[in-house]
Structure formats: structure tokens, C-alpha cells
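Colleague: These are the residues of each chain, in order.
There are 2 protein chains.
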Amino acid sequence: MVRDDRITTHVALVSRALGCEEVFMTEVDTSITQTVAEVNKRWGGGSGFKIEIVREWKNLVENWKKGGGKVVHLTMYGIEINDTKISHLRQENRILVVIGAAKVPRQMYDLADYNIAIRNQPHSEVAALAIFLDRIFKGKQFEKHFNDAKLKIIPMTRGKKVVGFG
Amino acid sequence: MVRDDRITTHVALVSRALGCEEVFMTEVDTSITQTVAEVNKRWGGGSGFKIEIVREWKNLVENWKKGGGKVVHLTMYGIEINDTKISHLRQENRILVVIGAAKVPRQMYDLADYNIAIRNQPHSEVAALAIFLDRIFKGKQFEKHFNDAKLKIIPMTRGKKVVGFG
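Same order as they appear, the protein sequences are chains A and B.
Residue numbers for the first sequence follow our numbering, so the first one is 1 and each next one is one higher.
Residue numbers for the second sequence follow our numbering, so the first one is 1 and each next one is one higher.
Just chain A, same shape as in the assembly (with noise of 0.2 Å):
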């Protein structure tokens, strides 16, 4: 779907710092790709997570449906997460998370499994998968390695500590 660039490299940073595999998306600026390869390279893990385009997200989520995975529609209009029982999602080997823009087309509400609001209010793509990706994990993403680093940070009360490899 359309969307911002700053924005879409929001959501893909996020998805690779918050234990995403991979993101799909259907228009994409390269400079987006780019800024991914450069944070992989310097930050690890490159080879834990990718950006792949696709021509149609409806052939995607069909055959992700096909092949057992469940997927989540993350949307406004949706169940708010409180009243979701995540312990279900949480036994799911592979789940597909939606996040659009403003005109989501209708179909994917029908296609979607699981359509979940993080607040029936207006706010933001990339807050909502946030959320939802660490009330999923329930912060274990937040131990995930990130292999082959040029770059570490050595966490501090105050000021910034990086180290750096090869």
C-alpha cells in the first residue's frame, strides 16, 4: 500500500529490532531497502531478517492462510488488544501482520484472521505494531541476538557507549 517513506522506514526498523523475520511490502522506494542493508550491516543480524517486495498483497495473504499461517490486521476499527485473547496467537508458528495506511481496502478485514485495534482511537502504524509485537513476544524480542555486528551499544545511566568490531 502507499505510504510514507519515513514512515515505511519506521515500520521496517522496528520489525527488525522487535524480532520480526520479515517484512513485505508493495511499494517500496529503494532508499528504504537501502537504509535496511546499511543498519543490518552495521547493527547485526542481516541474515535473521530481509525486506522482500511483493506485486500483490491479496496473493500474499491468501497464500499465507494457505500454508497454515494465521494473520493479524492491525487496525483501529478492530477487537482492542485488551480484549484479545493473545495466549491463542501466542501458540501460532507464523502469524502475518497487516499495517496500512489510511485506505485499507475492505477485503483484507474479511481475509484477515484476527483484526485488532491497539485503541479504537487514531494514532499511528508503527506504535500499533510495537505494541503488538511486545505484548506478543511479551518482551523476550527484546533478547533476540543480533549476530555478525560492526557495531554495539554498551548500555549506560548516562551518555553513549558503542563498541565496535572488524
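Please keep in mind that the hints were generated in silico from the structure rather than gathered at the bench.
Note that the structure is predicted; figures quoted are calculated from it, not measured.
Among the clues, some could well be false.
As the list claims (entries may be wrong) - Just so you have them, the derived chain A footprint on chain B, three or more residues with Cβ under 8 Å: (1) 103 to 111; (2) 124 to 133; (3) 147 to 161.
Stated by the list, open to error - Using 35 Å as the maximum straight-line C-alpha spacing, the simulated DSBU-like pairs for lysine-lysine come out as follows: (4) A:LYS140 / A:LYS103; (5) A:LYS85 / B:LYS144; (6) B:LYS41 / B:LYS58; (7) B:LYS58 / A:LYS103; (8) B:LYS85 / A:LYS161; (9) B:LYS103 / A:LYS161; (10) A:LYS85 / B:LYS161; (11) B:LYS70 / A:LYS140; (12) B:LYS50 / B:LYS103; (13) A:LYS150 / B:LYS85; (14) A:LYS161 / B:LYS161; (15) A:LYS85 / B:LYS65; (16) B:LYS85 / A:LYS138; (17) B:LYS152 / A:LYS58; (18) B:LYS103 / A:LYS50; (19) A:LYS140 / A:LYS152; (20) A:LYS160 / B:LYS58; (21) A:LYS160 / B:LYS140; (22) A:LYS50 / B:LYS66; (23) A:LYS140 / B:LYS85; (24) B:LYS103 / A:LYS144; (25) A:LYS138 / B:LYS65; (26) B:LYS138 / A:LYS50; (27) A:LYS144 / B:LYS138; (28) B:LYS160 / A:LYS103; (29) A:LYS85 / B:LYS140; (30) B:LYS160 / A:LYS58.
Backbone N, C-alpha and C define an ideal beta-carbon position, used for all residues, glycine too.
Take the given structure of chain A and dock chain B to it, following the hints.
Modeller: Okay, now just chain B, sitting in the frame of chain A:
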């Protein structure tokens, strides 16, 4: 701090939807305050949420601390939130959450009571804010009622349902 307008709008809307009372900005396009005013008018809660333009971020932070409030700076260089005693923070009455674009002045790291990382990996200040608010409010921010809404979503498993008032 100077930032992208689209991202700033997301930050403002996330703050509104997820339980903040006020957003302070040092530089802002009037389109952002206008967008938020329109969202308040349509989706409610205007009286409980405002945006304030401040000239000096440093004065704001120092005065906040003088008034007994705590300052949390979200930065990828800080201590990861999983390693932060967030229960201590929940006991505070007033918390100022600071997020910045790429270049945050060193002084901010020194002035903050807490420099907290929502992962020590680059991603998105919108996502960091969202997860921080969700963690600190334990999802209770979803129960906040938005007064005087003209539109209200009726959560649906499929499709969109919005009711209008007045």
C-alpha cells in the same frame, strides 16, 4: 528538536491515544497542532490533552525536575527497559518523557533521571514511546475515556463501524 513533520504528528497522536496529558515541542509546524485539534474534536478528549510550544527544552526539563517531576529520556544508548525497575517509575506522579531525533544534546543524557532504551538497536522514537507508555500504564491507558467525542468506534471482528454524536 528539529524533526520530520509526519513523524511528529505520529508522536502527538500516540501521546494523545495512549494516556499522556500534554506534549511539549520546541519546533512545530502549525499543521500538527491543527491535526491534533481536529482529532480531539472528532474523537474526543480535547480538554484532557494539549500541545505546548516551548522555546527552550532545557528550561522545561530543569523546571520539571524542580517541581518534583521525573524525567525519562528514551534513547537506544540507555539501560534497556527490561533491565529497568519500572515499578519505581509507576510510583511517580509526574513523568516527562523525552524523545529526540538523531542528534540529542549530551546535556539531555545528564539531566535525565533515567536514560532508557527500548532495545539497544536503532528503530523509531514513535515505537519507543508507544512501548514505554504501554509498559508503564500496563495497558490501563486503553480504558481512558475520551469525552465529548463526535465519533466513536464500535469494535468489530470484521469491517468498520463508527457511530456519530451531535
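Colleague: Would you check the hint for LYS140 (chain A) and LYS103 (chain A), treating anything up to 35 Å between C-alpha atoms as holding?
Modeller: The hint holds at about 32 Å.
Colleague: Next pair to validate is LYS41 (chain B) with LYS58 (chain B); report whether the Cα-Cα distance is within 35 Å.
Modeller: holds (32 Å)
Colleague: Please verify whether LYS140 (chain A) and LYS85 (chain B) have alpha carbons no more than 35 Å apart.
Modeller: The given pair, whose Cα atoms are some 16 Å apart, holds under the 35 Å limit.
Colleague: Count the residues of the stretch 103 to 111 of chain B with a beta-carbon closer than 8 Å to any beta-carbon of chain A: does the count reach three?
Modeller: holds (count 3)
Colleague: Given the hint that LYS138 (chain B) pairs with LYS50 (chain A), does the C-alpha gap stay at or below 35 Å?
Modeller: holds (31 Å)
Colleague: Would the hint linking LYS58 (chain B) and LYS103 (chain A) be met if the CA-CA limit is 35 Å?
Modeller: With Cα atoms ~40 Å apart, LYS58 (chain B) and LYS103 (chain A) exceed 35 Å; violated.
Colleague: For the pair we were handed, LYS152 (chain B) and LYS58 (chain A), check the Cα-Cα distance against 35 Å.
Modeller: holds (29 Å)
Colleague: Are the Cα atoms of LYS50 (chain B) and LYS103 (chain B) separated by 35 Å or less?
Modeller: holds (26 Å)
Colleague: Checking one constraint from the list: CA of LYS85 (chain A) to CA of LYS144 (chain B), max 35 Å. Satisfied?
Modeller: holds (21 Å)
Colleague: Are the Cα positions of LYS150 (chain A) and LYS85 (chain B) separated by 35 Å at most?
Modeller: holds (30 Å)
Colleague: Checking one constraint from the list: CA of LYS103 (chain B) to CA of LYS50 (chain A), max 35 Å. Satisfied?
Modeller: Holds, because 28 Å separates the two Cα atoms, which is no more than 35 Å.
Colleague: With a cut-off of 35 Å on the C-alpha distance, tell me whether LYS160 (chain B) and LYS58 (chain A) pass.
Modeller: Within the cut-off at roughly 19 Å; holds.
Violated hints for the displayed structure, listed by number in ascending order: 7, 14, 15 and 22.
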